[in-house]
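Visitor: From first to last, the protein sequence lines are chains A and B. For what it's worth, the numbering used here labels the leading residue of the first sequence as 1, then goes sequentially. For what it's worth, the numbering used here labels the leading residue of the second sequence as 182, then goes sequentially.
What the hints contain is simulated information worked out from the structure, not anything from laboratory work. The reader is advised that the hints may include incorrect statements.
Examples of chain B residues lying across from chain A (beta carbon under 10 Å, computed) [stated by the list, open to error]:
id, residue
1, I194
2, G241
3, L250
Keep in mind that this is a model prediction, so the values were computed, not measured. Ideal Cβ positions, reconstructed from N, Cα and C, are used throughout, including at glycine.
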Amino acid sequence: MRNLPSPEPAPSPGVAWPKAVYEILKAADVRQIAYVPDAGHAMLIELFNADPGVSSNVLTTEEEGVAIAAGAWLGGRRSVVLMQSSGVGNCINMLSLPVIARFPLLLLVTMRGEWAEFNPWQAPMGRATQTVLEAIGVRVMRADTAFDLVDAVESAATLAYEGEQQIAVLIGQRLLGKKKW
Amino acid sequence: MTRMASSSTKPTILARRDAVKALLAKRHGALVISGLGSPTYDVHAAGDRDHNYYLWGAMGAAALIGLGLAQAQPKKRVLVITGDGEQLMALGGLATIAVAKPRNLIIVVIDNGHFGETGMQISHTGLGIDLAKVAAACGFQRAATLTRMGEVEKLAGEIRELADGPSLYVIKVAPENPPRSLPSRDAVYIKNRFRAALGLLPA
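Using the sequences plus the hints, can you model the full thing?
Guide: Below, the structure written as structure tokens:
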């Protein structure tokens, strides 16, 4: 029987992928994270906050994380920045820094405003996220299944830390599941 | 006599170049990040070093780059030298740094109360905002405003000390634009030079 695209999010995606992504980032020797929280990132943030080998920074606005990641690389550490799609808009000028200095950058962006979204205020930035990232020179990879996400993060980590590229992995809202209101 | 006493106690406003030169007279191995505009020129004028990372853009980045670097190099002192306008753009960053509690990060704001690079428009610090008080309210371990050369020289001697948390010092300086002293604008070159000085290889 052919597998039809499911109208529902993948089974328990919120349980399976954060642990896998955490393990990939640990294997890539990430020892610093910075985040503005998102419900979609909650478990990943918990895993890193509980890890004594990782410096974890909660931010007041997302562009701080872009600067922190650059400082980490200056000092020889690998950093990852977690945010929601709305936060990408806050980052644009700060992205000049990794783009012009060729600092490795790995952004994990949970998408809002694109799938079963109740809150229309999320729609404009959700629509603009990929476009503005690409406009300033950040390469975008998108994942809409847990399998693709784990694969994309592994590939993005290599591109960023080994190839000094600036990568954003967009985590589709369909994968994250519908927010309960 | 009254006039003499008055003139002898009148504070002399520091010249920014003199202040930064005094601050960097003995670096004690500190890693230095400079904020865009005049602080980058001041740091370069005090002596180009492999341990300097100069910003030419990304306004608001300096102190946060300092945080990331301080966490990556906990045994080194990290000294961020930036301007009032640059730090004002990252007021929230002071909260982020305060909760991260790096023990090896010192932020020095060279405060002329103006946006010097763009025509000397008055800034928020020129209109009464006190960045040392903001830092203190955030929970910085040390936060103070310095107005005299003796205080700057004392701070220069304290760079080597490990604190219990981050420090922020405001150095009040005259609003002036001394002749520019321009470091390389090639951010990749400066990055690789900085990392090489720490024994880190390019990718």
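Visitor: Each of the hints needs a verdict: does it hold here or not?
Guide: Okay, the hints, checked on the actual structure:
1. I194: 31 Å, violated
2. G241: 7 Å, holds
3. L250: The hint holds - L250 (chain B) has a Cβ within 10 Å of chain A, the shortest such distance being about 4 Å.
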